[in-house]
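Undergrad: Sequence:
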Amino acid sequence: MKIIDKKNFIPIVCIIFTILVLGKILLEAVVQKLFGGYQENILLMFAFSVLGTFVLSQHYRFQRFPLLAVIIVQYLVLVGAVLGVVWAASFFEPVHEDGYRDMFLSFSIPYGIAAAVYYISFFHEVKRVNQALEKIRRNQNAKSE
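Just so it is clear: in the sequence shown, position 76 is 75 by numbering that gives the first Met the number 0, and no numbers are missing.
It is worth saying that the hints were derived from the structure and are not from the lab. Worth double-checking, as some hints may not be accurate.
Using 30 Å as the maximum straight-line C-alpha spacing, the simulated BS3-like pairs for lysine-lysine come out as follows [claimed, not checked]: (1) 5 - 126; (2) 126 - 6; (3) 23 - 6; (4) 126 - 1.
Simulated restraints on C-beta separations [as the list claims (entries may be wrong)]: (5) 127 - 8: 20 to 28 Å; (6) 109 - 14: 12 to 20 Å; (7) 60 - 127: 16 to 24 Å; (8) 31 - 104: 46 to 54 Å.
Source: prediction; values computed, not measured. A virtual CB, placed ideally from N, CA and C, is assigned to each residue, including glycine.
With these hints in hand, go ahead and build the complete structure from the sequences.
TA: Okay, structure coming up:
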């Protein structure tokens, strides 16, 4: 039995890479007492990735609402969180005059791509399951006749 195969190779590499990078950042912070801008940026990117993934994963809870409305609200919640973090950080360090715009773009573009991939994959999976259900129904109808 293979634990790592073609289907899960990339996700496993990503998980291992994430664990190693986060471990390196924590080790540098604890052992070397070194915590700089790049570590902060990586931790923020990780936090926003977790938040974005969590928000996308919750779409099934809002099936009674139009999908476009759910997608827009998800995006607004996440952009609000990102800009809220920039606003909160402005109390500790000055934010560049283009900081809000840059953070907005730095989040919106990757999130838009990730959300598109997620929802396209979701619709593909729904279509595949519906086809399988239809095949089962046809087989059951053929047996009952």
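Undergrad: All hints, please: hold or fail.
TA: We went through each hint and held it up to the structure:
1. 5 - 126: The hint holds at about 23 Å.
2. 126 - 6: holds (20 Å)
3. 23 - 6: It holds: about 28 Å lies between the C-alpha atoms, which stays within 30 Å.
4. 126 - 1: holds (29 Å)
5. 127 - 8: 20 to 28 Å: Holds: the Cβ-Cβ distance is about 22 Å, inside 20 to 28 Å.
6. 109 - 14: 12 to 20 Å: Hint holds: Cβ distance 18 Å, inside 12 to 20 Å.
7. 60 - 127: 16 to 24 Å: holds (22 Å)
8. 31 - 104: 46 to 54 Å: violated (33 Å)
Taken one by one, the earlier hints fail for this structure only at number 8.
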